[in-house]
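Trainee: Given next are the chains, with one letter for each unit.
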Amino acid sequence: MHANPVADPAARFTGSNATGHSCAQSVPAADAAPALTLRDVTVAYHDRVVLRDVSLQLAVGRVTALLGPSGCGKSSLLQCCNRLSDLIDGCRVQGNIRVFGEDILAAACDLRRLRKRVGMIFQKANPFPLSIRRNIELPLIEHGVRDAQQRDHIMEKVLRDVGLWQEVRDRLQAPAQSLSGGQQQRLCIARALALAPDILLMDEPCSALDPIAGGRIEELIGELRGRYSIVLVTHNLFQARRVADDVALLWPMPDGSRLLEFAPRETIFSAPQHELTGLYLRGAMG
Amino acid sequence: MIRSLRQRPWSDSLLALACTGAALLLAGIFFFLLWDLVRPGIGGLSWQFVSTLPAAAGRDGGIAPVIVSTLLILGVCLALSVPVALGTAIFLAQQQRGLPWAAWTRRSLDLLAAVPSVVFGLFGAVVFCELLGLGYSIAAGGLTLACMVLPFMIRAAEDGLRAVPREYHLAANALGLSQYRLLGAVILPAAAPALLAALVLAIARALAETAALLFTSGYVLRMPSSLFDSGRTLSVHIYDLAMNVNGGERNAYRSALVLLVLLLLINTATHTLSRCLSGKARI
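Quick mapping for you: the protein sequence lines, in order, are chains A and B. When you read off a place in the first sequence, starting at 1, and then add 1, the result is the number in my numbering. When you read off a place in the second sequence, starting at 1, and then add 1, the result is the number in my numbering.
Fair warning: there could be bad hints in the mix.
Said to hold, decoys possible - Which residues of chain A face chain B? A few of them, derived with a C-beta cut under 10 angstroms, are: (1) D87; (2) L115; (3) M121; (4) K125; (5) N127; (6) P140; (7) H144; (8) C189; (9) A193; (10) L196; (11) A197.
Note that these hints are calculated values from the structure, not bench results. From the three backbone atoms N, C-alpha and C, an ideal C-beta is built for every residue, glycine too.
Model the full assembly from the supplied sequences, consistent with the hints where possible.
Mentor: Right, dumping it as structure tokens:
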């Protein structure tokens, strides 16, 4: 099903001519198929450029934390990766974004299929105002899982994956809104997992939760590592240090934010290449 | 030193008093109206009154044909207005970027809402009765009422649809749901209470209408045999008994009471339905 990125020379692009900061070091195995490749991505709302020439290559099965000061375009970058940016008035995306080698900015890109492969979790849990069961069933029905038994099977599996099964197994018909904030967020993650995505985009998934519920989500991200390629937008440096394999730092510049540095966690926290990175990660700036 | 928490500045007390007073005044007006209707109307109000034919131009007998005509006209009105209103409201609520002609639709709806009902009556008499050849008929009356209630219904329904949080749109799109499924499975159920409220508003206006119907459905007191018969609604009946029939006051009051009960029934039914829809998660 996936286009073979190795066979596609463009997909092997490693971003070495990106923003002057070599990305090659961040790719754990250079020959592994990248899950997500961004090349010279520029995002503008009307005439205002928020992101300029961002190039990144995310390896399969790793958790990449996307850091940066507020308003530097982290969420915008995330929304380009599943073309949710299409819904935003006046949003223009230039450059090249590939999901397993497939050009997703192409006009011919099948958005339904793209959004099945690239799931998204929002800052505020947004379960539909329906029952817990229906929340997971609805996307499955939409994507053609006709067999009710199979849907039940998938539902149980994903609810177990997010550690919600024991808590809700006896009240699947209850309104999703009756769950606590943390449970709602886990339900949303389960709902995304039900579609068996390859990539999960998480936009500050813990920031609206109390520390315990947020910690539970963080644990969950750790458990999902390896099975899904995860991009995690966060403001929490400790969180990035705890769960991320790789860290990308976006920095606002007068003509739009740029990728300041992208490296494995250990490298970027212990030996940042850029002075600003060090200051930001020590909490002294940003 | 520290003032008691219960102590409020006098301006707050004045505001509270003014608001409570306004609410009490309104409730008072309603109960006065109710009492004014119930006192002369309740005597002689029986099942027989609503189930028999009128006699002596409505002075005596019941109002069975009037109730049938009222319900038929309401039925025609809703059969046209509900689908058109829902479609238009969905269209308007989906417009994030404000297409020029969405703005024009909105503006014309606001203007239509301000047009007096008698003008709708004249419009209906020309278009439905004459041009479409429906004559004085229940169909013409219902269609005229539909035109009249559409602006209210659409704006109320649009507000209800817009009140559905934007997060659901994002969540649905992020899951690759089609617009059709988003609308059918998420937005319409979530907006159902507001949509039903819009419906009740429209029904109340339609039931209360007199002027527009005098020109279009007429005021024949017979039991209608089809939608193309003329028929008189409760409001028209009350108007006729009160203004044109000597000694018709008693039955006018009774009819008004029946109209009030009918409104109350419709109101309660939709409220119950709305509670059922919103209280119970759909399976």
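Trainee: Determine for every hint whether it applies to the structure shown.
Mentor: Do the hints match the structure? See the list:
1. For the restraint placing D87 (chain A) at the interface with chain B, the shortest Cβ-Cβ distance is roughly 8 angstroms, inside the 10 angstroms limit, so the hint holds.
2. Proximity of L115 (chain A) to chain B holds as hinted, the smallest CB-CB distance being about 8 angstroms (cut-off 10 angstroms).
3. Because the smallest distance between the Cβ of M121 (chain A) and any Cβ of chain B comes to about 4 angstroms, under 10 angstroms, the interface hint for this residue holds.
4. With its C-beta approaching chain B no nearer than about 7 angstroms, K125 (chain A) sits inside the 10 angstroms limit, and its interface hint holds.
5. Annotation: interface hint on N127 (chain A) holds; nearest CB of chain B at approximately 4 angstroms, less than 10 angstroms.
6. Checking P140 (chain A) against chain B: minimum C-beta separation of about 4 angstroms stays under 10 angstroms; hint holds.
7. Below 10 angstroms, beta-carbon pairs count as interface contacts, and H144 (chain A) has one with chain B at about 7 angstroms; its hint therefore holds.
8. Taken as an interface hint, C189 (chain A) checks out: its beta carbon lies about 7 angstroms from the nearest beta carbon of chain B, inside 10 angstroms.
9. Taking 10 angstroms as the C-beta cut-off, the interface hint given for A193 (chain A) holds, the closest approach to chain B being about 7 angstroms.
10. For L196 (chain A), the shortest C-beta to C-beta distance to chain B is roughly 7 angstroms, which falls under 10 angstroms, so the interface hint holds.
11. Taking 10 angstroms as the C-beta cut-off, the interface hint given for A197 (chain A) is violated, the closest approach to chain B being about 12 angstroms.
Hint 11 alone, counting from the list given before, is not met by this structure.
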